[in-house]
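Trainee: Sequence:
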Amino acid sequence: MLDLNTPPTLYVFSSRRACNAFYAKQLEGFLPTAWSVQEFYNQISFVEGLVKIPESVRQVLLMEAIKEVTKNAEEREAHLIVFEKSFLGYLDGSNFVARFFNELAKFNIDIAQIPTKDIYGDYQHHLEVLERIHSHYKASLQARGYYDPILGIRPTLIPEVLCKFERIEFYLEGFLSKFEQEMLLEIASHAPLFMHITSDRYNQSCLRFLGVNLKEEHSYILDMQALSRGENPIVQATPQTPLCADHISIYAFNQRLDQVGLALQRVQEWLSEGLDPSTLAIITPSAEILSALKLLDLGHNLNFARGENVQEVFAPLFKDLEALKTTLQTCQTSNPLITLQEHTQALLEKYTAHKLQDFHQEFFETYHAIASNLQQYSVVDLLELYMRNLQEVRLDHTTGGKVKVLDVLECRGLHFERIVILDFNDRLVPSVQDSDLFLNTFTRTALGIPTLEDRENLQKHYYYQLLKNTSHVDIAYSCAQNAIPSKMLAELSLETPLPEKEENEFVIFPQARTWEFVPDKIIERIPSDFKFSATKIKDFMACKRRFYLQYLAKLTPAPQESFNMGSLLHTILEAYYSGSHYQNTHAPITFDSFLKTAQSLESYANLNALQRLELEVVAQKLAPFFACETGKLARAQVVACEQRFETSIGGFSFSGIIDRIDQNSAGGYDLLDYKFKSALKPQEEGYQLAIYALGAQSLGYTPEHIYFYDLKEGCLLEKSLSELQEDQEGLLEVLESCQQTIDFDQTEDRSACTYCAYVDMCGRETSN
Numbered sequence: 001m002l003d004l005n006t007p008p009t010l011y012v013f014s015s016r017r018a019c020n021a022f023y024a025k026q027l028e029g030f031l032p033t034a035w036s037v038q039e040f041y042n043q044i045s046f047v048e049g050l051v052k053i054p055e056s057v058r059q060v061l062l063m064e065a066i067k068e069v070t071k072n073a074e075e076r077e078a079h080l081i082v083f084e085k086s087f088l089g090y091l092d093g094s095n096f097v098a099r100f101f102n103e104l105a106k107f108n109i110d111i112a113q114i115p116t117k118d119i120y121g122d123y124q125h126h127l128e129v130l131e132r133i134h135s136h137y138k139a140s141l142q143a144r145g146y147y148d149p150i151l152g153i154r155p156t157l158i159p160e161v162l163c164k165f166e167r168i169e170f171y172l173e174g175f176l177s178k179f180e181q182e183m184l185l186e187i188a189s190h191a192p193l194f195m196h197i198t199s200d201r202y203n204q205s206c207l208r209f210l211g212v213n214l215k216e217e218h219s220y221i222l223d224m225q226a227l228s229r230g231e232n233p234i235v236q237a238t239p240q241t242p243l244c245a246d247h248i249s250i251y252a253f254n255q256r257l258d259q260v261g262l263a264l265q266r267v268q269e270w271l272s273e274g275l276d277p278s279t280l281a282i283i284t285p286s287a288e289i290l291s292a293l294k295l296l297d298l299g300h301n302l303n304f305a306r307g308e309n310v311q312e313v314f315a316p317l318f319k320d321l322e323a324l325k326t327t328l329q330t331c332q333t334s335n336p337l338i339t340l341q342e343h344t345q346a347l348l349e350k351y352t353a354h355k356l357q358d359f360h361q362e363f364f365e366t367y368h369a370i371a372s373n374l375q376q377y378s379v380v381d382l383l384e385l386y387m388r389n390l391q392e393v394r395l396d397h398t399t400g401g402k403v404k405v406l407d408v409l410e411c412r413g414l415h416f417e418r419i420v421i422l423d424f425n426d427r428l429v430p431s432v433q434d435s436d437l438f439l440n441t442f443t444r445t446a447l448g449i450p451t452l453e454d455r456e457n458l459q460k461h462y463y464y465q466l467l468k469n470t471s472h473v474d475i476a477y478s479c480a481q482n483a484i485p486s487k488m489l490a491e492l493s494l495e496t497p498l499p500e501k502e503e504n505e506f507v508i509f510p511q512a513r514t515w516e517f518v519p520d521k522i523i524e525r526i527p528s529d530f531k532f533s534a535t536k537i538k539d540f541m542a543c544k545r546r547f548y549l550q551y552l553a554k555l556t557p558a559p560q561e562s563f564n565m566g567s568l569l570h571t572i573l574e575a576y577y578s579g580s581h582y583q584n585t586h587a588p589i590t591f592d593s594f595l596k597t598a599q600s601l602e603s604y605a606n607l608n609a610l611q612r613l614e615l616e617v618v619a620q621k622l623a624p625f626f627a628c629e630t631g632k633l634a635r636a637q638v639v640a641c642e643q644r645f646e647t648s649i650g651g652f653s654f655s656g657i658i659d660r661i662d663q664n665s666a667g668g669y670d671l672l673d674y675k676f677k678s679a680l681k682p683q684e685e686g687y688q689l690a691i692y693a694l695g696a697q698s699l700g701y702t703p704e705h706i707y708f709y710d711l712k713e714g715c716l717l718e719k720s721l722s723e724l725q726e727d728q729e730g731l732l733e734v735l736e737s738c739q740q741t742i743d744f745d746q747t748e749d750r751s752a753c754t755y756c757a758y759v760d761m762c763g764r765e766t767s768n
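Taking full-length UniProt numbering, the leading residue of the sequence shown gets 1, the next gets one more, and so forth.
I should point out that these hints are in silico values taken from the structure, not numbers from a laboratory.
None of the values given here were measured: they were computed from a predicted structure.
We treat Cβ as the ideally placed atom computed from N, Cα and C, and that holds for glycine.
Misleading hints may appear alongside valid ones.
Below, computed lysine to aspartate or glutamate pairings styled on EDC-like, alpha-carbon distance capped at 16 Å [as the list claims (entries may be wrong)]:
id, residue 1, residue 2
1, 294, 417
2, 468, 216
3, 138, 64
4, 554, 710
5, 325, 384
6, 675, 642
7, 402, 276
8, 596, 616
9, 621, 713
10, 178, 269
11, 538, 727
12, 544, 574
13, 138, 55
14, 681, 718
15, 544, 748
16, 294, 312
17, 402, 216
18, 712, 673
19, 402, 384
20, 681, 710
21, 468, 396
22, 675, 685
23, 25, 276
24, 675, 749
25, 538, 733
26, 138, 110
27, 677, 713
28, 544, 276
Derived Cβ-Cβ restraints for the label pairs, each shown as a range [what the hints assert, rightly or not]:
id, residue 1, residue 2, range
29, 8, 221, 12 to 20 Å
30, 523, 624, 24 to 32 Å
31, 646, 431, 23 to 31 Å
32, 496, 110, 20 to 28 Å
33, 558, 143, 45 to 53 Å
34, 757, 603, 34 to 42 Å
35, 7, 481, 57 to 65 Å
36, 556, 241, 28 to 36 Å
37, 143, 557, 48 to 56 Å
38, 667, 644, 22 to 30 Å
Please put together the full structure from these sequences, using the hints given.
Mentor: Here is the structure:
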């Protein structure tokens, strides 16, 4: 019980949920004071004379800064602006820039010092642009009396708040920013501060700032006042109980949805046993599975701590908001903000969306304060802002049950009796956002910023402590669509079972009657009018079943959404060497002309900011290629790019596209095939050059030299005439076999299945 005659102890936890768990353990009477880390720093510090900028205002002012820098960029540096010059481009760019500035501020990094650590020069020019955006944004804030933590503003400590407490017990989980680290020592000069930490294999980088030798698998209490005096700060060191595999059960499922059956059955069992609901939880690494959990929780036993997705609850409203974009396209108004407010208010009233009224009111109050900055935007632009902000709203799950559904961040510092962790797959555990992709690992390490590995290890630390702090854990992962379990299971020496072939007790929807699997036997002939290409021959030799499914059965796999840098480079090089500038000057491509050509392409507008940045970085790393071009084209001239051909080889028609044909100073022809790979192995490229040589001959370009052109290394790998002759003879043998009846069987080389788009169609998984 709290003694009112002595100053209280302040307890600081990682989250408000951890504070509530702490309160739940207290006896009746006055409760001690407990704050989350965020509340703690907000209560004990302030920025004098300034107002913290609302996030929505930050978005607009950052957009303004990006737009200003883009507008004033000189022609020679226009290629450095990776943000699309449109409202949506600036909007997306503001999110990217905010994340980057925020990370620099957290670790007290001046943007100007990054080039000194970027020894490869990957980001030098882009950092100059970002520095100008930083300056514009800072000036804009100062003019309006705002401050923004992402600019590294250092608040002032309020000693009077600290002096009210006898001592502070600080429970550390995760990274502290540089400012937070330094402030802890300053706080310790005003009140005794004791830090509680757990040390394991995954969080060593988070604890490095303490400068204390901490053993793994130990819990510590550190006296921060002693640390600031240079004395041994360890007050208590306690070995942690080792992870016990006996209290962890792991389940593999053929279908992702079947995991939900495990979760719902466990919830029923827990509640039937009369367990305390506050000690039970379902953990979801991703929000993707929440809709299935909510839909199938017929007993309403689950309580979704994240809240409900506003787009699901008010789907008709969002449909009308989307339609409103079309309606407002031709709207002429002197005050777009007022016009938007009237239209959106009418829609809220139509759907009686009272839960959204607070958001609506706050949105327009905030933006009316900076109305002068919005006059240049249309009503449709502002509607896009409104909808994006609305999508971030989470609605309280008021009809929820007793068992909480949490993500791993919400579990920091908590202890449970029983939990089920779903989706424990390698794609999701750990899962780090792409905001970590801007600076490479070397530069981050030199600057003292957490790397991708550091962030992944921190997530693993949260899961690891969760496994150790729970009496019994059920872990589920899915094998659907070639998914694999998280590597963390292997790191912890936890065995991963294979999914059961028969239906298990957790299956929600009974499977249709299945018959014994009989592998398909496909024995056919290739039609005499079939048209081959180098790619088709390579596919035929790699896996006859894939060849059949793709080119004879003409089955279409799921579209691949990954960004193909190699294809984009081909397009840029074709555009340059086929363009009027090269035709008039015969000047080889350079870094500047490469980027200028890229930005002239229609496809460039479809690239997002990160993809444009990736292209910029690749362009800088093509310096060896640009140098090679200068030497080669001093004695040759490009005469054809992406040259299509059709010819006949071995009784079959062939078509293809030759990347480039050069005419050398002696009048002969060089055939070049671009390759953009980490490690080019000509022997693995099959009969491609042999086919292209015959195709070039059919066009009247009999090549004297034939090369693979390694764009990454900037070197030409020649295929000798004897090697070419040997390849052409091998090709004719393959084509002769293609005129016979063929068994289109699966390949024995399983490595060919790893990235095959047809693996789900061919029966490979079913038969093994």
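Trainee: State for each hint whether it applies.
Mentor: Against the structure, the hints come out as follows:
1. 294 to 417: 23 Å, violated
2. 468 to 216: 14 Å, holds
3. 138 to 64: 12 Å, holds
4. 554 to 710: 32 Å, violated
5. 325 to 384: Holds - the C-alpha atoms of residue 384 and residue 325 are around 8 Å apart, at most 16 Å.
6. 675 to 642: Given that 16 Å is the threshold and the Cα spacing comes to 14 Å, the pair holds.
7. 402 to 276: 9 Å, holds
8. 596 to 616: 11 Å, holds
9. 621 to 713: 9 Å, holds
10. 178 to 269: 46 Å, violated
11. 538 to 727: 13 Å, holds
12. 544 to 574: 33 Å, violated
13. 138 to 55: Given pair residue 138, residue 55 holds - Cα atoms ~15 Å apart, limit 16 Å.
14. 681 to 718: 12 Å, holds
15. 544 to 748: 11 Å, holds
16. 294 to 312: Distance of about 11 Å is within 16 Å: holds.
17. 402 to 216: 36 Å, violated
18. 712 to 673: 13 Å, holds
19. 402 to 384: 37 Å, violated
20. 681 to 710: Judged against 16 Å, a Cα distance of about 10 Å means the pair holds.
21. 468 to 396: 30 Å, violated
22. 675 to 685: Distance ~10 Å between residue 675 and residue 685 Cα, so the pair holds.
23. 25 to 276: 13 Å, holds
24. 675 to 749: 24 Å, violated
25. 538 to 733: Holds - the C-alpha atoms of residue 733 and residue 538 are around 14 Å apart, at most 16 Å.
26. 138 to 110: At roughly 13 Å apart (the allowed maximum being 16 Å), residue 110 and residue 138 satisfy the hint.
27. 677 to 713: 10 Å, holds
28. 544 to 276: Cα-Cα ~58 Å, so violated.
29. 8 to 221: 12 to 20 Å: 19 Å, holds
30. 523 to 624: 24 to 32 Å: Cβ of residue 523 to Cβ of residue 624: about 49 Å, so the range 24 to 32 Å is violated.
31. 646 to 431: 23 to 31 Å: 48 Å, violated
32. 496 to 110: 20 to 28 Å: 46 Å, violated
33. 558 to 143: 45 to 53 Å: Once the Cβ atoms are compared, 51 Å apart, the range 45 to 53 Å for residue 143 and residue 558 holds.
34. 757 to 603: 34 to 42 Å: Roughly 22 Å apart at Cβ, these two residues miss the hinted range, so it is violated.
35. 7 to 481: 57 to 65 Å: 58 Å, holds
36. 556 to 241: 28 to 36 Å: 54 Å, violated
37. 143 to 557: 48 to 56 Å: 54 Å, holds
38. 667 to 644: 22 to 30 Å: Since residue 667 and residue 644 have Cβ atoms about 23 Å apart, the given range 22 to 30 Å holds.
In this structure, the hints that do not hold are numbers 1, 4, 10, 12, 17, 19, 21, 24, 28, 30, 31, 32, 34 and 36, in rising order.
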